[in-house]
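Colleague: What follows is the residue order along each chain.
There are 2 protein chains.
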Amino acid sequence: MLNIAIMGFGTVGSGIAEVISGSYSLVKSRLGDDINIKRILDLRDFPDSPYANRVTHDFNDILGDDSVTVVAETMGGCGAAYKFTKALLEAGKSVVTSNKELVAAHGVELLRIAGEHGAHYLFEGSVGGGIPLIRPMNDSLAHDDITEITGILNGTTNFILSQMGSGMSFDEALAEAKRLGYAECDPTADIDGHDACRKICILAAVAFGVLIPSGSVHCRGIRGLMSENIAAAAEKNRAVKLIARAKRLPDGKIEAEVAPYEVVMSSPLYSVEGVFNGVLLHGTMTGDVMFYGRGAGSLPTASAVVADIIECGSKHSCNKPQRLWEEGAGLYAAPESGTVIGLGDRIEI
Amino acid sequence: MLNIAIMGFGTVGSGIAEVISGSYSLVKSRLGDDINIKRILDLRDFPDSPYANRVTHDFNDILGDDSVTVVAETMGGCGAAYKFTKALLEAGKSVVTSNKELVAAHGVELLRIAGEHGAHYLFEGSVGGGIPLIRPMNDSLAHDDITEITGILNGTTNFILSQMGSGMSFDEALAEAKRLGYAECDPTADIDGHDACRKICILAAVAFGVLIPSGSVHCRGIRGLMSENIAAAAEKNRAVKLIARAKRLPDGKIEAEVAPYEVVMSSPLYSVEGVFNGVLLHGTMTGDVMFYGRGAGSLPTASAVVADIIECGSKHSCNKPQRLWEEGAGLYAAPESGTVIGLGDRIEI
Chain A
0 MLNIAIMGFG TVGSGIAEVI SGSYSLVKSR LGDDINIKRI LDLRDFPDSP
50 YANRVTHDFN DILGDDSVTV VAETMGGCGA AYKFTKALLE AGKSVVTSNK
100 ELVAAHGVEL LRIAGEHGAH YLFEGSVGGG IPLIRPMNDS LAHDDITEIT
150 GILNGTTNFI LSQMGSGMSF DEALAEAKRL GYAECDPTAD IDGHDACRKI
200 CILAAVAFGV LIPSGSVHCR GIRGLMSENI AAAAEKNRAV KLIARAKRLP
250 DGKIEAEVAP YEVVMSSPLY SVEGVFNGVL LHGTMTGDVM FYGRGAGSLP
300 TASAVVADII ECGSKHSCNK PQRLWEEGAG LYAAPESGTV IGLGDRIEI
Chain B
0 MLNIAIMGFG TVGSGIAEVI SGSYSLVKSR LGDDINIKRI LDLRDFPDSP
50 YANRVTHDFN DILGDDSVTV VAETMGGCGA AYKFTKALLE AGKSVVTSNK
100 ELVAAHGVEL LRIAGEHGAH YLFEGSVGGG IPLIRPMNDS LAHDDITEIT
150 GILNGTTNFI LSQMGSGMSF DEALAEAKRL GYAECDPTAD IDGHDACRKI
200 CILAAVAFGV LIPSGSVHCR GIRGLMSENI AAAAEKNRAV KLIARAKRLP
250 DGKIEAEVAP YEVVMSSPLY SVEGVFNGVL LHGTMTGDVM FYGRGAGSLP
300 TASAVVADII ECGSKHSCNK PQRLWEEGAG LYAAPESGTV IGLGDRIEI
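First to last, the sequence lines map onto chains A and B. Per numbering that gives the first Met the number 0, the first sequence runs over residues 0 to 348. Per numbering that gives the first Met the number 0, the second sequence runs over residues 0 to 348.
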């Protein structure tokens with residue numbers, strides 16, 4: 000029996016419970032074992048939930064429970080989530096997460112601690128929702144030299160840009176995104192590119208083994224984009240997308256940025272519409288490969304977290320050591336100005 | 000030291016040697032071990048190759064060599080390849096392959112034999128060239144219920160259709176594909192859809208656990224398509240693609256077909272152009288996910304085979320049992336006529 004705990008019973012956390020109960024027999028067969036959600040940590044109570052009696056407000060109920068070996072952290076942020084994750088890994092428990100803020104800020108340290116204590120720290124759900132991305136990069140493409148990553152990594156801004164392409168103003172499109180639950184009350188992290196920026200730093204670390212500080216990355220969002228920008232691109236058969244990209248330079252530095260681009264029609268990213276995400280990788284041997292799917296949402300993201308739970312909780316788990324990352328402060332290179340080949344022109348606002 | 004052998008030193012087989020030597024340090028680090036191509040089986044000699052002294056014409060040099068534990072089969076066909084693969088698996092050696100004919104015809108038996116002898120039979124390179132596809136389906140999406148697969152699985156026909164979209168006739172486009180090395184001298188298997196048909200049967204088996212006989216599948220290729228068909232689709236903002244699709248029906252049967260479709264612009268398959276492949280999966284939890292990349296070519300396909308070599312040769316290999324397939328004769332359902340939702344109209348010629 001694999002006993003797990005969930006920390007943070009919001010959109011993704013409750014989705015994990017839903018995926019496990021909805022796919023129970025598949026999860027069990029892949030695990031080679033039974034699975035039980037033993038504890039749920041949240042500040043709130045959920046009296047109407049079938050999991051009401053598993054809810055605790057005390058982190059020590061999870062940390063001190065030797066039967067719990069895998070913990071899903073879906074609290075978000077770098078406060079309590081950081082403190083709890085560190086304590087769990089130091090206790091030899093594996094942690095799986097969708098918390099991109101934490102991975103982007105403390106991934107180097109948390110991977111190191113996990114390795115030192117025979118635990119795993121997995122984060123497939125932190126980038127691209129349910130799209131299999133980090134595991135294929137680590138497994139299927141591990142022997143290839145990935146030189147470049149170009150992605151649409153934020154569904155909220157991509158939805159807004161798609162709506163603007165149909166004639167809405169930025170404010171109207173943002174209001175529509177809020178109405179449909181695609182944008183949060185405070186959409187700053189999405190609109191200004193910080194969310195995409197954290198995600199490209201995580202993908203660059205997976206590909207290059209070096210985590211560049213997200214605060215150092217040239218990052219511009221879509222605030223200030225006008226319908227005129229979208230229309231001007233459309234006249235050239237181009238679509239405006241918020242692009243997050245990273246590239247390893249010959250000197251070992253990593254060029255990265257988040258910025259709106261006019262994407263040319265021949266790019267596979269051109270037709271990534273609405274809340275979907277797309278990530279294009281260039282491998283020396285494999286050539287261009289793209290992964291596409293729902294970049295957010297309760298069940299897709301929870302699904303990615305459940306895949307990680309299976310990976311570290313499986314009876315057949317191979318305890319393959321995870322690749323460690325190096326700190327990349329000092330390795331960041333600002334992007335060159337001008338057109339990016341195969342993509343199109345950066346939009347300067 | 001991992002000693003491997005390669006059977007068939009053609010396009011993909013020689014590509015494997017090129018990937019291993021070109022990515023030597025990455026392969027070694029992912030393997031956790033050194034790697035050595037000990038034997039190469041081919042009817043020909045390669046006096047100018049750096050591997051000339053490893054070439055043998057006698058299969059028993061590989062079968063009888065206890066130090067060789069992983070063998071790449073890139074011979075193609077169901078004759079000697081079948082006989083050799085079976086003997087190797089029965090001897091407990093793992094076999095990795097790009098041979099879609101063999102996997103589609105004998106996958107059920109070969110997976111069973113591998114399981115009985117503690118060996119692996121892996122075939123990432125048999126579908127979609129270098130695109131990570133089968134491993135993500137088996138790992139990242141294993142806990143999800145994949146209900147539908149829709150793909151552009153043959154680069155040759157997709158290239159021809161793209162060229163016809165630019166105004167060429169079928170014959171001109173085929174000649175161009177041959178000139179560029181995208182089509183073989185006898186392009187029947189591509190043009191008439193048999194290649195795509197084998198691949199959709201393999202993907203359906205990975206998703207549903209049941210291998211339907213490829214000979215039973217309704218299969219139409221692109222022979223007879225006229226420029227007028229392409230132009231008529233374009234007027235409706237649609238693109239003609241050779242679609243291979245499979246779907247699990249509520250009664251447990253598997254609907255599958257290969258046929259040219261008018262693909263609507265909102266489908267992510269619409270913009271898969273030229274020799275590229277795209278595979279769209281629908282998972283109950285994950286929603287729509289697409290994988291895109293070069294569907295053929297020496298290095299991309301060889302790259303997928305090398306990823307399989309690493310999986311079964313790694314020191315950290317977990318010996319996770321492979322999922323077995325059931326024989327699907329009798330479980331095939333012919334496709335319904337009419338439009339496929341999210342795709343477009345089938346073209347009747």
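Since the hints were derived computationally from the structure, they do not count as laboratory data. Since we're looking at a predicted model, the values are computed, not measured. All C-beta atoms in this analysis are idealised placements derived from N, C-alpha and C, irrespective of residue type, glycine included. Hints may contain errors.
Stated by the list, open to error - Ranges of calculated distance between the beta carbons of each label pair, as one might list FRET restraints:
(1) D170(A) - G273(B): 35 to 43 Å
(2) N59(B) - A328(A): 52 to 60 Å
(3) A174(B) - A333(A): 33 to 41 Å
Colleague: Which numbered conditions among the earlier hints are violated in the structure presented, ordered from lowest to highest?
Modeller: The structure breaks only hint 3.
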